[in-house]
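Number of protein chains: 2
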Amino acid sequence: MAVGLGPLSTLHPVAGFELGIASAGIKRPGRKDVVVMRCAEGSTVAGVFTLNAFCAAPVILARKRVTGTVRYLLTNTGNANAGTGEEGLKNAERTCAALAKLAGVDEASVLPYSTGVIGEPLPVEKIEGALQAALDNLSENNWADAAAGIMTTDTQPKGASRQFEHDGVTITVTGISKGAGMIKPNMATMLGYIATDAKVAQGVLQDLLRDAANKSFNRITIDGDTSTNDCCMLIATGKAALPEITSASGELFAKLKEAVFAVSMEVAQAIVRDGEGATKFVTVEVNGGATHQECLDVGYAVAHSPLIKTALFASDPNWGRILAAVGRAGVPQLDVSLIDVYLGDVCIASRGGRAATYTEAQGAAVMAKEEISIRIELGRGNCSETIWTTDLSHEYVKINAEYRT
Amino acid sequence: MAVGLGPLSTLHPVAGFELGIASAGIKRPGRKDVVVMRCAEGSTVAGVFTLNAFCAAPVILARKRVTGTVRYLLTNTGNANAGTGEEGLKNAERTCAALAKLAGVDEASVLPYSTGVIGEPLPVEKIEGALQAALDNLSENNWADAAAGIMTTDTQPKGASRQFEHDGVTITVTGISKGAGMIKPNMATMLGYIATDAKVAQGVLQDLLRDAANKSFNRITIDGDTSTNDCCMLIATGKAALPEITSASGELFAKLKEAVFAVSMEVAQAIVRDGEGATKFVTVEVNGGATHQECLDVGYAVAHSPLIKTALFASDPNWGRILAAVGRAGVPQLDVSLIDVYLGDVCIASRGGRAATYTEAQGAAVMAKEEISIRIELGRGNCSETIWTTDLSHEYVKINAEYRT
Chain A
1 MAVGLGPLST LHPVAGFELG IASAGIKRPG RKDVVVMRCA EGSTVAGVFT
51 LNAFCAAPVI LARKRVTGTV RYLLTNTGNA NAGTGEEGLK NAERTCAALA
101 KLAGVDEASV LPYSTGVIGE PLPVEKIEGA LQAALDNLSE NNWADAAAGI
151 MTTDTQPKGA SRQFEHDGVT ITVTGISKGA GMIKPNMATM LGYIATDAKV
201 AQGVLQDLLR DAANKSFNRI TIDGDTSTND CCMLIATGKA ALPEITSASG
251 ELFAKLKEAV FAVSMEVAQA IVRDGEGATK FVTVEVNGGA THQECLDVGY
301 AVAHSPLIKT ALFASDPNWG RILAAVGRAG VPQLDVSLID VYLGDVCIAS
351 RGGRAATYTE AQGAAVMAKE EISIRIELGR GNCSETIWTT DLSHEYVKIN
401 AEYRT
Chain B
1 MAVGLGPLST LHPVAGFELG IASAGIKRPG RKDVVVMRCA EGSTVAGVFT
51 LNAFCAAPVI LARKRVTGTV RYLLTNTGNA NAGTGEEGLK NAERTCAALA
101 KLAGVDEASV LPYSTGVIGE PLPVEKIEGA LQAALDNLSE NNWADAAAGI
151 MTTDTQPKGA SRQFEHDGVT ITVTGISKGA GMIKPNMATM LGYIATDAKV
201 AQGVLQDLLR DAANKSFNRI TIDGDTSTND CCMLIATGKA ALPEITSASG
251 ELFAKLKEAV FAVSMEVAQA IVRDGEGATK FVTVEVNGGA THQECLDVGY
301 AVAHSPLIKT ALFASDPNWG RILAAVGRAG VPQLDVSLID VYLGDVCIAS
351 RGGRAATYTE AQGAAVMAKE EISIRIELGR GNCSETIWTT DLSHEYVKIN
401 AEYRT
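Heads up: the sequence lines are chains A and B, in that order. For the first sequence, UniProt numbering begins at 1 and goes up steadily by one. For the second sequence, UniProt numbering begins at 1 and goes up steadily by one.
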């Protein structure tokens with residue numbers, strides 16, 4: 001039931017970044033469930049990882065190794081290797097070591113990613129058995145297959161690509177993601193991989209990824225449940241014939257930033273559009289906050305409210321629920337008489353009460369759409385934040401209640 | 001579908017506290033929707049009110065007037081008088097003034113309470129038209145009728161009563177409540193009224209109510225949405241032939257406290273048991289926290305997680321979802337290797353991972369029950385907190401999606 005998510009657009013290859021897909025039969029025989037990505041020598045790599053204290057074994061290992069030389073990313077679906085303790089860490093190390101041996105690289109240059117059921121032992125032998133096939137399959141043209149290969153309960157593969165010119169050279173930024181909830185039905189969730197052929201110093205790349213994630217992956221929510229396995233990686237292969245970007249300034253950096261932000265946003269929003277049981281794609285924009293944090297507090301209070309989410313599902317312009325969520329967001333000394341709320345372009349609440357001009361028919365017309373924006377004007381300052389979310393449908397309960405039954 | 005909520009038990013009358021019920025036809029002709037409560041002269045009254053910044057007009061008025069002399073509480077259902085701005089405040093004042101005139105008391109001694117749809121003008125004339133009938137109906141024996149009279153989408157009336165002896169005198173504490181979600185389907189929610197014939201100084205009474213609410217009403221959650229209209233009142237009529245309680249010490253105070261806590265807990269838990277679409281009554285106990293706040297953060301992360309709530313609905317012992325919620329609760333420097341999690345008496349996770357002794361059959365046996373406890377041992381300190389909640393069912397989505405359709 002993905003909302004406004006068409007077939008994959010063209011995913012341009014990134015010079016120096018290859019992807020290989022294979023089948024290890026982790027959950028089902030024949031399903032593509034192992035993806036190996038090879039970064040050309042000299043690549044710089046940045047990563048952002050879940051803040052969940054119960055983070056999975058592969059997260060622990062990848063977070064440690066991303067600061068060194070990175071040559072391979074090894075992803076499996078069907079098993080999250082989370083809640084697996086010491087043994088899980090050893091299993092993650094074993095699969096990386098096996099790939100390193102086959103590829104003839106240092107073990108520490110292989111970073112693991114797992115997504116799937118929490119709490120079951122990683123099927124190391126199955127994964128090891130598929131590594132040679134994945135290596136044999138490596139190609140710069142495999143983005144679409146990889147986007148499908150990292151899916152779990154996603155209904156559609158997710159990817160985006162941008163190109164821009166600089167000094168006559170074409171630079172490419174391509175990314176893929178998976179996930180249909182911040183945590184999946186017994187599954188651990190979001191993975192994102194973005195690569196570019198620009199040459200970027202690691203520190204600059206890490207800051208760029210953090211900033212991009214903070215405007216995209218870190219601004220989406222399906223159900224408020226942060227996964228144990230979330231990771232997003234940004235790889236710069238440096239294969240484009242342009243000088244290295246060594247600081248967050250200049251025209252080249254600005255163009256790259258725009259492209260990375262665009263790709264991040266598109267694949268992050270794709271996760272929301274494919275959210276579990278989603279029938280609506282909802283933008284919650286909070287303006288006029290005194291701080292960014294209070295904008296986020298208000299935005300998440302709205303985006304997580306089960307009452308607002310069920311009203312969205314029902315296409316019910318239930319503005320009282322929006323006011324109530326804003327009011328409980330914990331903003332200090334909130335003066336409700338300054339607050340305006342818009343549904344699409346329709347002002348539904350003005351100065352803290354129902355807008356005099358508002359009619360139920362106006363609200364119903366906005367709510368009937370698949371893509372809905374809720375805009376809250378706090379009137380307290382100049383900060384803004386935007387969050388993307390979904391509705392709460394019968395299908396969400398069905399998916400998450402019946403997953404293991 | 002109330003969980004473990006039987007018919008109302010005996011609600012002992014409280015000397016000096018009378019209740020009168022009438023029908024104003026606010027939503028439906030003939031429905032009992034106005035309740036007047038009369039406090040004997042000399043009563044002391046305490047109140048706790050919603051922290052929602054968008055609090056309703058009657059909350060603003062009642063909160064102001066509770067510090068003075070209180071003689072009448074006027075409650076209507078069917079309309080929350082919330083999100084109604086200045087006009088709402090005037091309307092609340094008008095209904096109080098009308099009751100004061102009929103009863104021959106000062107206008108400021110009448111406190112209003114409204115529950116129902118948000119954002120519609122209070123039907124003042126309808127309410128005024130029912131006041132004489134409510135006054136004519138006043139009786140100390142009307143607790144059960146009043147419990148029914150304050151219901152909105154509650155499926156059952158809620159009340160509790162305790163009596164104790166002190167120096168040969170019987171003291172009574174009786175209370176009623178309404179609510180089936182922290183905010184109702186377009187309705188504003190929780191009301192609680194507890195009365196005793198003990199004589200208690202106002203400051204002591206206010207502290208007692210705040211403490212009781214913090215262990216009962218402030219520890220329940222259906223959906224995390226705090227209502228604009230929540231109020232809980234504690235009235236001490238002083239009609240029992242015992243000295244005034246002027247401090248929070250001594251045997252009489254201890255007995256009263258025990259009775260008030262017991263009544264608060266019973267009527268608060270009744271709200272959860274009657275939660276929208278509830279099929280489970282769930283106790284989340286967090287022990288071993290370094291602070292009370294971190295126990296609450298963990299407890300609410302678990303109690304609000306849609307993934308845990310859907311698993312509870314499905315009777316699925318999905319322990320990975322519980323670990324993931326604990327891990328995302330924002331506890332600083334959380335050492336997961338110290339954490340144990342119990343489902344009922346079954347240890348499902350030990351030192352941060354699946355317990356070696358745990359079998360799926362053990363977990364399934366606990367989850368099959370209607371009343372389920374989740375106990376989390378943080379191993380960081382000596383603080384504990386307990387929260388009560390429900391599951392998230394198809395019926396919840398149905399109730400909240402279809403309320404206005």
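You may find that some hints are simply not true.
The list treats identical chains as one, so a pair stands whether inside a single copy or across any two.
Think about it this way: if two alpha-carbon atoms lie no more than 20 Å apart in a straight line, the pair counts; the simulated DMTMM-like pairs of lysine to aspartate or glutamate are [as the list claims (entries may be wrong)]:
hint, residue 1, residue 2
1, 255, 402
2, 215, 340
3, 64, 370
4, 257, 136
5, 32, 244
6, 27, 128
7, 369, 93
8, 255, 297
9, 369, 106
10, 27, 145
11, 398, 107
12, 64, 335
13, 215, 120
14, 126, 345
15, 369, 402
16, 64, 297
None of these hints come from the bench; they were simulated from the model.
Quick rundown of the hints versus the structure:
1. 255 / 402: neither (46 Å within a copy, 48 Å between copies)
2. 215 / 340: Classified as neither: same-chain Cα gap 24 Å, cross-chain 35 Å, threshold 20 Å.
3. 64 / 370: For residue 64 and residue 370, the Cα distance exceeds 20 Å both inside one copy (41 Å) and across copies (44 Å).
4. 257 / 136: neither (33 Å within a copy, 74 Å between copies)
5. 32 / 244: neither (36 Å within a copy, 76 Å between copies)
6. 27 / 128: within (15 Å within a copy, 67 Å between copies)
7. 369 / 93: Neither. Shortest intra-copy (48 Å) and inter-copy (41 Å) distances fail the 20 Å Cα cut-off.
8. 255 / 297: Neither. Shortest intra-copy (31 Å) and inter-copy (42 Å) distances fail the 20 Å Cα cut-off.
9. 369 / 106: Classified as neither; 53 Å inside a copy, 52 Å across copies.
10. 27 / 145: Result: close within a single copy only, 18 Å intra versus 58 Å inter.
11. 398 / 107: Result: close neither inside a copy nor across copies, 42 Å intra and 53 Å inter.
12. 64 / 335: For residue 64 and residue 335, the Cα distance is within 20 Å only across copies (18 Å; inside one copy 46 Å).
13. 215 / 120: neither (33 Å within a copy, 38 Å between copies)
14. 126 / 345: Classified as neither: same-chain Cα gap 54 Å, cross-chain 36 Å, threshold 20 Å.
15. 369 / 402: between (29 Å within a copy, 17 Å between copies)
16. 64 / 297: Neither: 31 Å inside a chain and 28 Å across chains, both beyond 20 Å.
The structure fails to meet hints 1, 2, 3, 4, 5, 7, 8, 9, 11, 13, 14 and 16 from the earlier list, while all remaining hints are met.
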